[in-house]
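Asks: Given next are the chains, with one letter for each unit.
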Amino acid sequence: MWTGTPLFPESASTIATRVDLLYFFLLAVSIFFSLLIAGSIVFFAVKYQRRRRDAIGEQIHGSMILEIAWTGIPFLITMVIFVWGASVYFAMARPPDETLNIYVVGKQWMWKFQHLDGQREINELHVPVGRAVKLITTSEDVIHDFFVPAFRMKADVIPGRYVSIWFQPTKPGRYHLFCAEYCGTRHSGMIGEVVVMEPSEYQAWLSGGAPEGSLASTGAKLFADLACNTCHRPDAQGRGPVLEGLFGKTVRLQSGETVTVDEAYVRESILTPSAKITAGFQPIMPTFQGLVTEEQLLALIEYVKSLHGLPQVESR
Amino acid sequence: MPEAVHHHHPALAHHFDDLAQQKEAATLGMWVFLATEVLFFGGLFLVYSVYRAWYAGAFAVASHELDVTLGTINTAVLITSSLTMALAVHAAQLGQRRLVILFLVATMALGAVFLGIKGVEYYHKFVEHHVPGPSFAFEPHEYARHAQIFFSLYFIMTGLHALHMVIGLGIMTWMLWWAWRGTITAEYYSPIEVSGLYWHFVDIVWIFLFPLLYLIGRHA
Amino acid sequence: MSEHIVPTRVYYTIFGILMLCTYLTVQIAVFDLGPLNTIAALVIAVLKATLVVLFFMHVKYSTRLTWAVVLSSVFWLGIMLALTLSDYLTRSWRTFG
Amino acid sequence: MARVVHPARHYLNDGYGISSWLLTRDHKRIALLYLAAVTFFFFVGGAMAVMIRLELATPVGDLVTDETYNKLFTMHGVMMVFFFLIPVIPAVLGNFLVPIMIGAKDLAFPKINLLSWYIYIIGGLFTLYALIAGGVDTGWTFYTPFSTVASTTNVVPTALGIFITGFSSILTGLNFIVTIHRMRAPGMTWFRMPLFLWSTYATSLINVLGTPVIAITVLLVAAERVFHFGFFDPRVGGDPVLFQHLFWFYSHPAVYIMVLPAMGVISELVAAGCRKPVFGYSFVAFASLAIAVLGFLVWGHHMFVAGESVYSALIFSILSFLVAIPSAVKVFNWTATMYKGSVSWETPMLYAYGFIGLFTIGGLTGLFLAAIAVDVHVTDTYFVIAHFHYIMVGGTIMGYLGGLHYWWPKISGRLYNEGLAKLSAGIIFVGFNLTFFPQFVLGYLGMPRRYHAYPPEFQVLNVLSSAGASILGVGYLIPMVYLMWSLRYGRVAGSNPWGAVGLEWTTSSPPPTENFAETPVVTWDPYEYPAADLEGHVA
Ligand code: HEA
Ligand code: HEA
Ligand code: CUA
Ligand SMILES: [Cu+2]
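Protein chains in written order, with the working numbering: chain P, 1 to 316; chain F, 1 to 220; chain V, 1 to 97; chain U, 1 to 539.
Any given hint could turn out to be false.
[To be verified] Mimicking DSSO-like on lysine-lysine, the simulated pairs with C-alpha atoms at most 30 angstroms apart in a straight line are:
no.	chain 1	residue 1	chain 2	residue 2
1	U	Lys422	P	Lys47
2	P	Lys107	P	Lys221
3	P	Lys276	P	Lys249
4	P	Lys47	U	Lys340
5	F	Lys125	P	Lys276
For the record, the hints were derived by calculation from the structure and aren't laboratory data. For clarity, every value in this text was computed on a predicted model and none was experimentally measured.
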């Protein structure tokens, strides 16, 4: 009956083993205290069982030393767990400099993946083993959650925001992908697979088909179709700022504040240009709210990113 | 005060020892209730703070649509009603029944004026399509989305405040009846005092709403 | 006991200050003080609220318990604002480095 | 059998007929009104749990549609949390005991007490209406923007139901706070109060300071649906995560509303079950207050993966560990109380053992969740489901049942069948562990919660869980039967069947309407044994 019933999940990412280690430590602490408490209860209940109907217990009121001990010791243990948990969490939150970037769009009830080379996938994600992969996620409707148990990795996918998560697979194979934030009727059907491949196979898969060209080139086309290029020109002659080399820079706003140009900023600039006006420009850029889909936004963002003057840091 | 006087007082409930205990219980109960109210409105102030920080520009522009003159008048009206309320309690403490009635009526009248002015303001917003929803419209257009959040906050905050005022008027009517009937005496005035606490609290909420909603970025 | 009866003179004085503050807050709003505008408006509002609580609501003459209730409601409101804003204010902080 | 005389007049025979109950202001009668109502909601919520477990017995969604399944767990969560677990101990046992334990004639505001019950019932009717009108499918957490723009079910009536019921909690909490401050009998100082009162007081603080926030939050959700406000709607620039802050600002403290009263009950049970003062009385008392205060500082641990900032996640994580400490202190003190006690094996004590053990497991798994890195993996999986059922079902319900058995002779004046009681306690314990232990394993394996269908390799563990749930269900039905039976046929209890101390055991069973023949004057410390001397203490 137990064949095929796993009791422990597969570990297939660099972070997974670190999470498991902390988990085992917690397990040990828990087993120790559970046995201690349960053991004492059973022991006392048997040893001091009431034998005469009118017997009373010894009138002990407490002990300062014990109180200090059982406040202090658990406190120290929890602080160890906190620091440990936080440090592993920091590793999860901080992607390495070199990552393979993939865009993820969640919608009721499917996962859409957009590779930079132009491949698009639904509910299935192909990645090479051994490379750090960064997913830049957003949602078209409600909150979803990207969850791959084998990678011990999970993050909410939030409409209106770009949440980045990263992982580095260590074993080729097919792994469950779940939507872990309740998102409506077919929430339990919003599942898929992450396929981790040997690099060579991955290359073969990549070359298998990218009919539409790279994501940045899709963005370039949109940039022209939406007439962005009438205002944003590389030669600083347009009515809008030059976008070349902009991504990752810090921009000064009319209000005197500064912002770093990231995905969210570009998105906001396109949907709500008036929210943050670049210093030295008029608020004449029209809003494209309702005119572009989340996926087109991603293409535009990728295009703006590709306009980097410097050698690209976040390489594919 | 002698025990016996308390024991025979008709307003003393059976489970209290004396009127003093009953009064303390009532006052504490109202204060605890007001603590609850602080957090109730607090949730709204939190929402306000977040969006005010995010969309300062849009909030300033949207705030310009509110009528500061009416807002200021209303603030003055409400503060005056707090004064009359305090005086009503004072009169009750001294057992001056007619003064109690007079000040309660004044308080209620001022409360009604406040609600009337609020109604006029709501009507303007309605005409200008500043009520959030499908018919919402706002110029300049690029601020429309965030201005909608501002007006959502405006309506829910002032709306709940106005609801509290209406409840307050209800309570005051009841107190008026008690004062009229002669239930309220120098010995037993805690109902008036406790209702007064509520009224002043509602005033305090407005003291914050007024600058936060009406006075943002006036200088621009 | 809170049997303390406040002379009406006190109420009228407080009323006067409150009206003055209202006038002030409206006037100040017209000047551009940058972020100080909000701060000034809030300081005045807090001042007004404190006066109402202390005098109109008799807290100045009340038991420690009443003080405790008032202060804890404000304190809890502070918890809510502070911890939530701790999220909003640090969201853009990078984890790099 | 030897019939002991019932006291001639007591609160149960002081007036007959429907209106003597529905218009009563006697806190003891109101407690019984609540008892009937919360029991009803428990079985409604339990019936939904049964459906959930039946559906999950097979990996494919075959018993009910996905839509129905989503409604089932939503209504299960809403009913169990807002209409059962939050009111159960305060409104039933608390209402009955608070005035008696401090030697008062009633709560400070008897009319408001009755009003709370009506408010609760009205809120319940709204929610039942939502259920009958087709249910609601947002999860008990009502996350936006799903609840505000996507769901097409009865969100508004449910939200209003919760809003209304919230005022019942607030008013009950307010009543307890004022009563404990202002109505204590002469000599009943704070440190002579039974620990149940300390924990009730701490719970009431949370009720009063937290509940208004959930009220405004669900109101905003309803308003956003009706008037198209944009607070949580990303399309107009709202932040859906802000909703989560507001929701959990209440709902984390609410979990302590759900466990603190049970902790208070356990303190009473352990003291009476060992005939001994609770070890470290003042530490246990202050631990309750510490939990109530610290409990307000940790809500962000429900949002570690929800897009809150990395730094505030750290703050919330460390604070979550801190709030665990006072709970640990309590567990250790209860265990130490048993040392050299005169330890009873009667039913209430069995439930106390169950509580301490299962709460420990549930609480320790809370530490897994507070450790951010582990939470990233197990959040929104069955690990969380197991964690909170261990505390809420294994902990609070055990505490409640223990308390109900312990005070039943006082409430009804009768003794129940001890053999059946022990049997059902055993069945509940076994069924409970079989239901929820496999869910820890499932959760770490990665089975997401709120899943109507799941990959086949998870089936065996799910079947175990479903089997456990059916045992558990039977276990919960038996007490219904013998407790009802005892009302008519049970042996007469006498005023102090357990030989326990505490003011409630000094008055007759059932107590008279005014609780005590004469207002007691307290001159002794809490849990001062032996009980026999107690009569002499009453002035
Ligand atoms: C009564 C209910 C109750 C109680 C008391 C608790 C108590 C605790 N809970 Fe739990 N919790 C819930 C009900 C409860 N919880 C619910 C309903 C949810 C999910 C809601 C949803 O999403 O639907 C949840 C979710 C939840 C999460 C979020 C999980 C997620 O969604 O990702 C977290 C994270 O930190 C958490 C932590 C804790 C902690 C640290 C405690 C601590 O207070 C526990 C303290 C107790 C102990 C520690 C045990 C006793 C200690 C010892 C015997 C000694 C040894 C001690 C040490 C070494 C410290 N809980
Ligand atoms: C607060 C209290 C509480 C209580 C007491 C319970 C009790 C139980 N719960 Fe519940 N549960 C929650 C609170 C609670 N739960 C919450 C908050 C959620 C999250 C909801 C969400 O995600 O939004 C949840 C979710 C939840 C899930 C996860 C659903 C999912 O994520 O897909 C499961 C699955 O096993 C479950 C099972 C059970 C079981 C078997 C019981 C058992 O203990 C119940 C035992 C009782 C009975 C069995 C009743 C006895 C009566 C009868 C047997 C008569 C029955 C009559 C008929 C069948 C006609 N619960
Ligand atoms: Cu998407 Cu759940
Ligand atoms: Cu929590």
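Asks: Are the hints correct? Go through all of them and say.
Replies: Going through the hints against the structure:
no.: 1; hint: Lys422/U x Lys47/P; verdict: holds (20 angstroms)
no.: 2; hint: Lys107/P x Lys221/P; verdict: holds (25 angstroms)
no.: 3; hint: Lys276/P x Lys249/P; verdict: holds (15 angstroms)
no.: 4; hint: Lys47/P x Lys340/U; verdict: holds (8 angstroms)
no.: 5; hint: Lys125/F x Lys276/P; verdict: holds (27 angstroms)
Checked against the numbered hints above, the structure breaks none of them.
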